[in-house]
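Put chain B on the given structure of chain A with help from the hints.
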Amino acid sequence: DVKVTQSSRYLVKRTGEKVFLECVQDMDHENMFWYRQDPGLGLRLIYFSYDVKMKEKGDIPEGYSVSREKKERFSLILESASTNQTSMYLCASSPRTGLTYNEQFFGPGTRLTVL
Amino acid sequence: DQQVKQNSPSLSVQEGRISILNCDYTNSMFDYFLWYKKYPAEGPTFLISISSIKDKNEDGRFTVFLNKSAKHLSLHIVPSQPGDSAVYFCAARGTDMRFGAGTRLTVKP
Numbered sequence: 004d005v006k007v008t009q010s011s012r013y014l015v016k017r018t019g020e021k022v023f024l025e026c027v028q029d030m031d032h033e034n035m036f037w038y039r040q041d042p043g044l045g046l047r048l049i050y051f052s053y054d055v056k057m058k059e060k061g062d063i064p065e066g067y068s069v070s071r072e073k074k075e076r077f078s079l080i081l082e083s084a085s086t087n088q089t090s091m092y093l094c095a096s097s098p099r100t101g102l103t104y105n106e107q108f109f110g111p112g113t114r115l116t117v118l
Numbered sequence: 050d051q052q053v054k055q056n057s058p059s060l061s062v063q064e065g066r067i068s069i070l071n072c073d074y075t076n077s078m079f080d081y082f083l084w085y086k087k088y089p090a091e092g093p094t095f096l097i098s099i100s101s102i103k104d105k106n107e108d109g110r111f112t113v114f115l116n117k118s119a120k121h122l123s124l125h126i127v128p129s130q131p132g133d134s135a136v137y138f139c140a141a142r143g144t145d146m147r148f149g150a151g152t153r154l155t156v157k158p
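Chains A and B are the protein sequences, given in the same order.
So the first sequence is numbered by my numbering: it starts at 4 and just counts up by one.
So the second sequence is numbered by my numbering: it starts at 50 and just counts up by one.
Worth flagging that the hints you see were computed from the coordinates, not collected in a lab.
Keep in mind it's a predicted model, so treat the numbers as computed, not measured.
For every residue, glycine included, the Cβ atom is placed at its ideal position computed from N, Cα and C.
Heads up, some of the hints might be wrong.
Pair by pair, the computed Cβ-Cβ distance ranges are [to be verified]:
id : chain 1 : residue 1 : chain 2 : residue 2 : range
1  : B       : 118       : A       : 12        : 41 to 47 Å
2  : B       : 59        : A       : 55        : 25 to 31 Å
3  : B       : 121       : A       : 31        : 47 to 53 Å
Output of the computed footprint for chain A on chain B, the stretches with three or more beta carbons under 8 Å from beta carbons of chain A [to be verified]:
id : stretch
4  : 87-99
5  : 148-158
On the chain B side, residues computed to face chain A include the following (Cβ under 10 Å) [said to hold, decoys possible]:
id : residue
6  : 51
7  : 55
8  : 58
9  : 60
10 : 138
11 : 145
Chain A extracted, bound-state conformation (with noise of 0.2 Å):
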């Protein structure tokens, strides 16, 4: 079974905050991804990388930079939380198949909320 965790479930921060959301998969997956989940929106990616030390901007990168030095762990950084990234953060994994993106397995997600 895939399994991709997160460092915590619920978090609360304040605005100028540095935060730091951790992912890690147990799959040897090439890819991961965060996206951030709001109302109304569905899912809009964020950052994704598809090896150690690469990334790539998603839709919305802005507020936030991300970290892969392990093929296991993925980490995406706020590097000063403001209210408007208080949302639901989703981390998911795929193998690489070809150039483009199969079935993503995702994490329980961590709904944050800055203050």
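Chain B alone, transformed into the frame defined by chain A:
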């Protein structure tokens, strides 16, 4: 720019009846479509998919139909069960994966 749209935010059906969830897309380059199901406090899980070269794929109670000329796909669940109550996301694969906003399905006993 929402390339994948689910225009119904919610749907309520009676147990045993058919549930039909709809999804429209704008990008004709999408080559693969997926449906994900999400329960509260859990991440989305893959449900069923269809390649753009097909018009129907069936898996048990779940069937996905693809109408490429209309850029429309639908998920049929029959018979619907209370355990099917969840948010359903449509996704389309091109150079990356695009998700719809989701439809919350409630199946009433």
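To see whether the hints hold, each was checked on the structure:
| no. | hint | verdict |
| --- | --- | --- |
| 1 | 118/B to 12/A: 41 to 47 Å | holds (43 Å) |
| 2 | 59/B to 55/A: 25 to 31 Å | violated (41 Å) |
| 3 | 121/B to 31/A: 47 to 53 Å | violated (36 Å) |
| 4 | 87-99 | holds (count 7) |
| 5 | 148-158 | holds (count 4) |
| 6 | 51 | holds (8 Å) |
| 7 | 55 | holds (8 Å) |
| 8 | 58 | holds (7 Å) |
| 9 | 60 | violated (15 Å) |
| 10 | 138 | holds (6 Å) |
| 11 | 145 | holds (7 Å) |
The structure does not agree with the numbered hints 2, 3 and 9 stated previously, though it agrees with the rest.
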